[in-house]
Amino acid sequence: AQTVTQSQPEMSVQEAETVTLSCTYDTSESDYYLFWYKQPPSRQMILVIRQEAYKQQNATENRFSVNFQKAAKSFSLKISDSQLGDAAMYFCAYREGGSEKLVFGKGTKLTVNP
Amino acid sequence: DAMVIQNPRYQVTQFGKPVTLSCSQTLNHNVMYWYQQKSSQAPKLLFHYYDKDFNNEADTPDNFQSRRPNTSFCFLDIRSPGLGDAAMYLCATSRDPSGRGHTQYFGPGTRLTVL
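Chains as they are written, first to last, in the working numbering: chain R, 1 to 114; chain L, 1 to 115.
Keep in mind that the hints were calculated from the coordinates and are not lab data.
Please note: incorrect hints may appear among the correct ones.
Claimed, not checked - Straight-line Cα separation of at most 30 Å, DSBU-like style, residue types lysine-lysine; simulated pairs: (1) R:K70 - L:K52; (2) L:K44 - R:K101; (3) L:K38 - R:K55; (4) L:K38 - L:K17; (5) R:K109 - R:K70; (6) L:K44 - R:K109; (7) R:K109 - L:K52; (8) L:K17 - L:K52; (9) R:K70 - L:K44; (10) L:K52 - R:K101; (11) L:K38 - R:K73.
Kindly produce the complete structure, drawing on both the sequences and the hints.
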C-alpha cells in the first residue's frame, strides 16, 4: 500500500524568510499525483500545489514551489517570503492515476513568527 | 461562488444516538468523499460516491453509512455514535478522476462531539 511520510511534525519560520517542508512517499506505481494541502486553524483545507509524476519540471504557484525527486520519492514544499497567513497545518498527499483515493501524510504544523 | 458546504459546522450528540451530517456542492462534481479527521491526525477516507456508485473503504466501521440522493447532496449517517467517533468530518468533491488527477475540493468540516 502507498504511504506518505512527513517527518517534521512542527516547523517555524520568521516572516519574510523561506521554509521547506519535507515529504516522502512509497509507491511501486509510475502514474501518480502529489499534492500539498493547507489547513488553517478552524478553516477548510485548500490545495496549495500539485505535481504530476510524469512531469519532470517542478510545479510552482507564486511563493510556493516543490522539489520533486522521483527516484528518491521525495516531494518537498518550499515557501518563500513567508507570511503570517501561511501559518497552518500542511498535508502532503498522494493519489494513484485513475484512482479516487488520496493518501495523506500526518501533517506538518507551520508557525510563522512576526 | 461554487463551493462545498457542510451543515452543521458543529454537532453534539449523545452516545448511541443516531446523527446525520450533511454536505452539498455547487461544483457539479461526479465524486463526493467523506473523511474522518481526529485531532492532530491526517484525514482518513471513510467512503466515496462516484456518481451513484458507493465505494466503501475496507476498514470503515459498519456504524458509518452514507447516502447520495442526487449529484449535489451527500449525507453521512452514524448509526450509534461512540466516544471514539468524536472527530472532524470532512466532505470533499472532485471531477471524474479517470481524467488526470483532478483536485479534491474540501468543505469546512463538521466537528462532532459525542457526550
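If you check each hint against the structure, which ones fail?
1, 3 and 7
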